[in-house]
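**Student:** Below, each chain spelled out in residue letters.
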Amino acid sequence: MSLAYARNDWYVIADRNSLEQGPRRTRLLGDEIHVSGSYAHPVIKDASGRMLPTQIKFDHVWTTVGDRPRPLFDIPEGNEPGRRLVPCGMVRVKCSPLRAVENFLDIAHFPFVHTDVLGAEPYTEVEPYKVEIREQNDEVWATKVKFFQPLAAKSAAGGITTDYEYRVPAPTTAVLYKTCPPKPEAQDVITIFVQPRSETECDVWPWMALYDDDTPYADLVQFQQMIFLQDRSILENQRPIKLPLDPRMEIPTRSDLTSVAYRRWLKKRGAFYGALAETL
Amino acid sequence: MSAAFTLYDYVLSGNCYKIRLFASLLAMPYQSVAIDFYPGYEHRSERMLSLNPAGTLPVMVTSAGGQVLTETNAMLAWMALHDGGAQTPWFPAVDPALGPQVQQGLAFGAGLTDSIGLARLHAMLDWPVDGEAAKRAGLKHLRALELHLTDRQIDGGLWWAGAHPTIADLACFPYVALSPDAGLEHDGFPAIRRWLYAVRSLPGFATMPGIHPLHELR
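Line by line, the protein sequences are chains R and W. Following our numbering from start to finish, the first sequence increments by one per residue and tops out at 1495. Following our numbering from start to finish, the second sequence increments by one per residue and tops out at 259.
Hints in this document: simulated from the structure, not taken from any laboratory. Incorrect hints may appear among the rest.
Each computed SDA-like pair below joins lysine to any residue, with the alpha-carbon atoms no more than 20 Å apart [unchecked claim]: (1) K1369/R x S73/W; (2) K1309/R x E226/W; (3) K1369/R x T248/W; (4) K1309/R x L1450/R; (5) K1309/R x M165/W; (6) K1309/R x D167/W; (7) K1361/R x P1459/R; (8) K181/W x P221/W; (9) K1482/R x L1495/R; (10) K1361/R x L1391/R; (11) K1309/R x A239/W; (12) K1309/R x S73/W; (13) K1309/R x W168/W; (14) K1369/R x G81/W; (15) K1309/R x E173/W; (16) K1369/R x V74/W; (17) K1309/R x P169/W; (18) K1483/R x P1459/R; (19) K1398/R x L1450/R; (20) K1309/R x D171/W.
Given the structure is predicted, the values throughout are model-derived calculations rather than measurements.
Please model the complete structure; the sequences and the hints are all you need to start from.
**Tutor:** Laid out in structure tokens, this is it:
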């Protein structure tokens, strides 16, 4: 049941750089997938040799194994002129794909895991913010999130209070809008596209759409990789490995409102792949 | 103070971190140039190959004299000597007892890169290598290090050799500390854990992704 739901979503399976390295094998929802071809003409096949549909969006190659796939969401900011689009490659994490998304939605851990970058002691308080499930497009949104950050982005010159908004358009994608240091009226967009290899292992493809014409590409990618790899060791040690949906199994606090909404939303749509659906 | 050297650097590289960590411990200023090792494979670009035909990172170019160093152990030696001359406690090169021991540790550190380092690249970035073989070799190295450090601790020592940390400790620290990235946990290695804690406690210690700071108990 959970797998049937997950099969009808689209997932990132490759980017330009990975295709240039030649054919490779990967996994999606527990099954082997063969990836070859070029970025313009990617060839994605399942283990039986069946060609899978592809589409290129947000600088990545997407595929689905479902018979009735839901349409792939849009991130309209990606088309705005003047933004720099920054695919960041892939990082493998031995954790539930849902835990990877949930971690991305959390700010309370910033001072402790991203010390002196995205947060710092003693500025650990998460002020009240707003969370809703937007019915018209069935997405989780967290808005009016504020946090003090010593080095919010590669383009930041010093500590600033950063405004955040989070959006979950699909169970394995999280989009973050945050204050753009050199252009305060605009928002930088940072996303993670999570490729579920299995319920307990995933490949995470970060992607950014930034207003930053000055920072060299290598610095932008490394900033993102630094942040994400600080999370990786924490993610691999979370227990239970699958994300529990029963609120009594992991007691949330007020700062976890986004996570609470995300788990409820997963439960409501039956998106249980990578989740612990049993109750206490 | 002006930069002592330029470091061609990749944030996730344990070998690059050896240099960043030592510079932080010595408070030695340097200039860093980010190289897109992954996903861009920039270390194999023409620009980088002309600097280092071996195509490895890090690369160090010293400010005085413009020496190009491509071996991490040589960089650590250069930094120790640049900082403290022949008397530096970090690299007692001509001490008849300690000098050879430090060389032993430097070579062991290179072996950690080739085993744990490779297993980590495979586990983290899907590097096309035999990840299981690299992991087995890494486990052997951890066992050997545990034995060495246990002997040292029985003799009242804490570091790889002598009473002061040396570049041998720094050559070994990163990939041991990062081994959980490759699924090699520290639980079974008490002497290693004690030594890791000692390195993390050094004044001026710097972190990298996967190596967390010690939080002060206030």
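**Student:** Is K1309/R within 20 Å of P169/W, Cα to Cα?
**Tutor:** It holds: about 18 Å lies between the C-alpha atoms, which stays within 20 Å.
**Student:** Does the structure keep K1309/R and W168/W at a Cα separation of 20 Å or less?
**Tutor:** 16 Å, holds
**Student:** For the pair we were handed, K1309/R and D171/W, check the Cα-Cα distance against 20 Å.
**Tutor:** Since the Cα atoms of K1309/R and D171/W sit roughly 18 Å apart, the hinted pair holds (cutoff 20 Å).
**Student:** Going straight from one Cα to the other, do K1361/R and L1391/R come out at no more than 20 Å?
**Tutor:** 13 Å, holds
**Student:** When you check the alpha-carbon spacing of K1483/R and P1459/R, does it fall within 20 Å?
**Tutor:** 14 Å, holds
**Student:** Can you confirm whether the C-alpha distance between K1309/R and E226/W stays at or below 20 Å?
**Tutor:** Distance ~14 Å between K1309/R and E226/W Cα, so the pair holds.
**Student:** Could you grab the alpha-carbon distance between K1482/R and L1495/R and see if it respects the 20 Å cut-off?
**Tutor:** Given pair K1482/R, L1495/R holds - Cα atoms ~15 Å apart, limit 20 Å.
**Student:** Hey, K1309/R versus E173/W, does the alpha-carbon distance stay inside 20 Å?
**Tutor:** 15 Å, holds
**Student:** Could you grab the alpha-carbon distance between K1369/R and V74/W and see if it respects the 20 Å cut-off?
**Tutor:** 14 Å, holds
**Student:** Are K1309/R and S73/W close enough, with their CA atoms no more than 20 Å apart?
**Tutor:** 31 Å, violated
**Student:** Is the hinted pair K1361/R and P1459/R satisfied, with a Cα-Cα distance of at most 20 Å?
**Tutor:** 27 Å, violated
**Student:** Please work out if K1309/R and A239/W have their alpha carbons no farther apart than 20 Å.
**Tutor:** 29 Å, violated
In the structure shown, a violation is registered for the earlier hints numbered 7, 11, 12, 19, in ascending order.
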